[in-house]
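**Q** If you read the protein sequences in the order shown, they are chains A and B. Per our numbering, residue 5 is the first one in the first sequence, and the count goes up by one each step. Per our numbering, residue 218 is the first one in the second sequence, and the count goes up by one each step.
Hints should not be assumed to be uniformly reliable.
Straight-line distance between alpha carbons at most 27 Å, and here's what the computed DSSO-like set of lysine-lysine pairs gives [claimed, not checked]:
(1) A/174 - B/272
(2) B/251 - A/197
(3) A/197 - A/170
(4) A/115 - A/197
(5) A/174 - A/197
(6) B/251 - A/174
Here chain A is said to cover these stretches of chain B; the calculated rule only asks that three of the stretch's residues, wherever they fall, bring their Cβ under 8 Å from a Cβ of chain A [said to hold, decoys possible]:
(7) 296 to 307
(8) 310 to 318
(9) 331 to 339
If you're looking for bench data, these hints aren't it; they were derived computationally from the structure. Since we're looking at a predicted model, the values are computed, not measured. Glycine is no exception: its CB is placed at the ideal position from the N, C-alpha and C atoms.
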Amino acid sequence: MRTLALEAPSLSMSLLGMTAETALPYADEVRRARQGDSSAFAALVRGLQRPVYGLCLRLLRSDAEATELAQETFLRAYQHLGRFDETRPFDLWVLTIARNLCLDLLRRRQKVQTEDVEPHTPTLASHEPNSEELAMERQQRRSLEEAMATLSDDDREVLALYYVQKRTTKEIAVIMGVAPGTIMARLFRAREKLRTRMTQPEQGVA
Amino acid sequence: MSDDERELARLLLEAAADPGEREALAEAHRQLEKDLLRLADPLPPPGFVAAVMEKVSAAPRPVSAVEVRSAVAIVAVALAASAVAFVRAGASAEGLALQLARALVSAREVLVGGGSGLAAVWRTGGLPLSVVLAVVTMVTLVGLRRLVAPENAKVVT
C-alpha cells in the first residue's frame, strides 16, 4: 500500500540524494551571515522560526519555554556558524540544535520532578479563516492535537517532523540521529498509539 | 515498492494477521494521516525575530574556521621563529639574552635614523606629508571596516 505521507512534499532535500551541484536551501543567506551580514542571519531566522518554534512547542508543551528555547537555538546557530558544514542542509542543522536543547530541558525536568508540574496543552494557533463552516474541522484538529500531546516525546517528535513539517524519513533520521530504516516503524507505532488514544480518550492521559 | 512501503506492509502484517483486520487497520492509518497532514506549525509570538536579533547582536561575533586557522598559523610561525632564534643563540638563556640586547640596540639605531629622516621630510614638505598620511589612514580604516562588517560598510560612504 502507499500512504499519503509518502507523497507529501518535502521542505528540504534529502541528505543522501544531495549532490555538490544541488543548491541547498538557505545557502546564500548562510554564506552572507558567515561573512558578518546580520540581515542575512535575520532572513534565516524569519525563514526557520516557524518549524523551530513548532518543534520546540510540540516537545516542551509550554509556550514560554518553547519561545525561550527557539531563541536560544538561533543564538547557538549564530555562535557556531563558523563550524557549520556548508555542504549540509542548514535547516536540518538548526532543527537538530533545537531538538538537542529541548531534550536537555526535558531531561532536567525529569530530574527535578516538581510536584506542581501539570500536563500543559498549548492551544496551537489555527491559521484557517474564522468561519462557521470550519468549526467542526477545527474541533477535530484540536482533538488530534490534544491526543498528540498525550504521546511520549519521541512519538510527538516523529509525528510532528513527518506530518506537520513534511520532512522525509531520511531527514528525520538526520535530525534524530538514528538509522533511516527505523523511522517508518517509529511512525507506525506513534500513529497506532495516537489512533488508540483517539478511540479511547479516557485512557489517553497517562 | 519502496523500502518505506515494504516496511509499512511488514508492520501492518505484524499488527494484524487477518487480511480483513489488516485492511481496516491500514484504512484507519490512512485516515489518521489525512488529519495529521492538515496540522500546521504555529507562528512564534510577535517580536520573535527582533528578540533573536537583539540576543545575536549582544553575543560575541562568531569566529570562522578561516580565522581560527589563521590564528593557529600565526602562533605556529611565532613559536617556530622563537625556536630558531633560541637555537641560533646556542640554545642557552645567556645567548638568547645577548641576541635580544643586540636586537634592541639595532632597533634603537633604526628608530633614530628613521626619526631624523622624517624630520628632514617634514622640514621640506610638511603639508603634503600630512595630506598623504591622512589619506592613507582613512583608506586603511575604511578597508578594515569593510573587512570586519561588510553590511556596515554600505552605510559609511
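**Q** For a quick check of understanding: which of the numbered hints are violated here, in increasing order?
**A** 1, 7, 8, 9
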